[in-house]
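For chain A, the structure is supplied; the task is to place chain B on it using the hints.
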Amino acid sequence: MSDYQTHEHDVLVIGAGGAGLRAAIEASASGVSVGLVCKSLLGKAHTVMAEGGMAAAMGNVDDRDNWKVHFSDTMRGGQYLNNWVMAEIHAKEAPERVRELEKWGALFDRTKDGRILQRNFGGHRYPRLAHVGDRTGLEMIRTLQDYGIHQGITVYMEHTTTALLKDGERVVGAFGYDRERGRFRVFKAKSIVLATGGIGRAYKITSNSWEYTGDGQALAYYAGADLMDMEFIQFHPTGMVWPPSVRGILVTEGVRGEGGRLLNNKGERFMFNDIPDLYKNQVAKDAEEGWRYVEGDKSANRPPELLTRDHVARCINREVKAGRGSPHGGVYLDIAWIKEKVSSAQDRIKKKLPSMYHQFKELAGVDITTEPMEVGPTTHYVMGGVRVDGLTQMSNVPGLFAAGEVAAGLHGANRLGGNSLSDLLVFGKRAGQYAAEFAKKYGSGSIDEDQVKVAAKKALEPFDRPNGENPYIVQHALQEMMQDKVGIVRTEADMAAALDGLAVLKKRAAGVGIDGNREYNPGWHTALDLDNLLICSEAATRSAIDRRESRGGHFRDDHSEKKKEFSEHNTVIRRAPDGGMQLRREAIPPLRDDLKQVIEENK
Amino acid sequence: MQKAMFRVWKGQGEQAGFKDYHTEVGDGMVVLDAIHQIQAESEPTLACRWNCKAGKCGSCSAEVNGKPRLMCMTRLDTLDLSMPVIIEPMKSFPHMKDLVTDVSWNYEVKKRIKPFRPRKPDAPDGTWRIQQSDVDRVQEFRKCIECFLCQNVCHVLRDHHKHDEFAGPRHFVYTAALEMHPLDTEDRTAYLKDEEGLGYCNITKCCTKVCPEHITITDNAIIPLKERVVDEFYDPLTKLFRMFKPKH
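Protein sequence lines, in the order shown, are assigned to chains A and B. According to this note's numbering, the first sequence is numbered sequentially starting from 1. According to this note's numbering, the second sequence is numbered sequentially starting from 1.
Hints listed in this document are in silico derivations from the structure and should not be mistaken for laboratory results. Since this is a predicted model, take the numbers as computed values, not measurements. Don't be surprised by glycine CBs; every beta carbon is placed ideally from N, CA and C. Do not take every clue at face value.
Stretch by stretch, here's where chain A covers chain B in the computed footprint (C-beta under 8 Å, at least three residues) [unchecked claim]: (1) 56-66; (2) 128-138.
Partial selection, computed: residues in chain B whose CB lies under 10 Å from chain A [unchecked claim]: (3) P44; (4) R75; (5) L79; (6) K239; (7) R242; (8) K245.
Think about it this way: if two alpha-carbon atoms lie no more than 25 Å apart in a straight line, the pair counts; the simulated DSS-like pairs of lysine-lysine are [to be verified]: (9) K112(A) - K120(B); (10) K3(B) - K103(A); (11) K91(B) - K114(B).
Next up, chain A with everything else stripped away, as it sits in the complex (with noise of 0.2 Å):
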């Protein structure tokens, strides 16, 4: 049954979204061979729905902004427990990767001057993210896509990767199949990259596409990768709750920058009435002072509003619970309300956000430039990932890369908007060029056939069950499980229950089964997704148990304070040598004596 084709290259690289694809030209550029394998088709990736903007200190719209500011921010927002030499080569290299991408034929809003234009985000102190009104992800994927097909990178569309091969240590090739024919394919290489994006689809409630299934977690967690910081899920605060279909899609923070105010079932802007110690001199003593720090006065304050997405999402929880929310469960997202400000406040909310006028026009019938929207938080993104060196972003496994949402670091306990576009053009590009240099210098290793074999056999177990359980009804279970008790407000006894259950879902998905061929086949491929979103899902409850504080993603109805002895390491989960997960507490690195005092000045 291991009929299997092979294809050879220096660099593979799994994944296409912006990480993949920045990594596969950067690898390229260095005069590799590189291959680039992808779940869905060219350009579909995750990133194309990625709205607000990337972060990067440009100071095109406030000169008060650099580095130095950006690093402080990401730090802040992560609640110190960042990787500080990623968030240092982060806050310096992200201009130069936005700069590149307009090289490539991305086109930015500009400023009055013709430089690129930067807007306000949740976390950030000055406007930072260069933007294409609200469909920036889209952009910034077609871009690096257009630019791409010329780089001589040849790329598998409809692929997945099953299994890592190893050749002792190190990561030699990877095991998978083309999803039109279900044809087994081995790629051979000496090095490569993951760029799988997040877990998403652990949970019911979410603005993440299908292939968000921690694939590139489970690849690397198999071939004995380090995963670090998976307790730390964004919960973004605004995402369509009504109608039912539509819950989880992403409300742009954007919504937000551009004056939109958060409301409850009494007209309260109830952001005010909650502001975290770390930001207490950042926020606008009262509404009219926000609304001048959305219209560039310089010496205003921030809307509360625009505080980290962790403290918004659970402050929007707070009120839902409290019986203050929306119909729907949710609460009121308003930015129709400018028009008391401005006299073309609807031409202005068409122009700044057209995708999401469209969005509500279309699916929920809503007019945003007259009435307010509804919103709940939705599972976003997953700080935690494989753990990787700040510089090169290799895993503990030597050859094995990782990149963007996959890799752990950068943004610790939460990340702020638009630090996620720009991580994947920073990292994606070092990702490259360090697996690019790992390929020249170490060169190929052996496939070993067992390896293969024993890929293929668990690759078609679900044909020997054709009787089996359907592989959707278990991946909802495992959804709604994830949502209630590994969700954005956490308790012991929710979490030693989840564990129990995901034990049962274990065995439930090894008896799950489908009828029909190989080909296009929707049914296996989910089969095949669930091992890998149980295994995150696992990893993600074992660390948060273990993390006895709430910090950043992580909240505890049971350990609801920020905690000292919890705020000097990171959780990281290894596969034992028995199967089992091991989970160790790694120590952060002390922090350089010149970024502490950046961190100071910043204050």
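Relative to the frame of chain A, chain B by itself:
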């Protein structure tokens, strides 16, 4: 809850045909939700492409009651549910399975179009100065989500199968985005005429009608490109000028 009937194209090759499914219809549901429900309830093998479910990725293109649509943006409450909802794959591309077609031709065509080539940077730091109005002019074309519904509905491809000679509306929009890019210096006019087959388009505007991003494909992209071709190759004055222009 109301139940509705969905008549979905199912199977491969000669064996493919319509198959009926019944599923419940809830508030605000779109066609893609119905397909997902059918997969989960009774037909796990039912193949369709999708990604974002928010009209941003352009993956779930199909023909719903004969109309080319994104399944994720087609609300069931806009359809007559007393009749079966008919869902078929796009017809201009080779059928693969169920609702999935082979759209790889589009990727090959795009690769042959000369890429973006910017002018020299305007500022010593390697950056450019661009006016917002120049950005706005091409923004419309850059909204394209590559759903290929315009390609699907274009009769040059759908009925006359000119895939070898005609690039289709999507690639005219792409070419227009490049040609009207404020920094681009490449010339694609000859290519448009000779290789993209722009002349085959007789501006019936079917592409514009089906575009989920509301890009005015015919008026804003195709017609201006046709004018460029005419100016360069068929204008008598230009022709005269070219006769005397030194060849290089």
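Hints violated by the structure (listed by number, smallest first): Of the numbered hints, 5, 6, 7, 8, 10, 11 do not hold.
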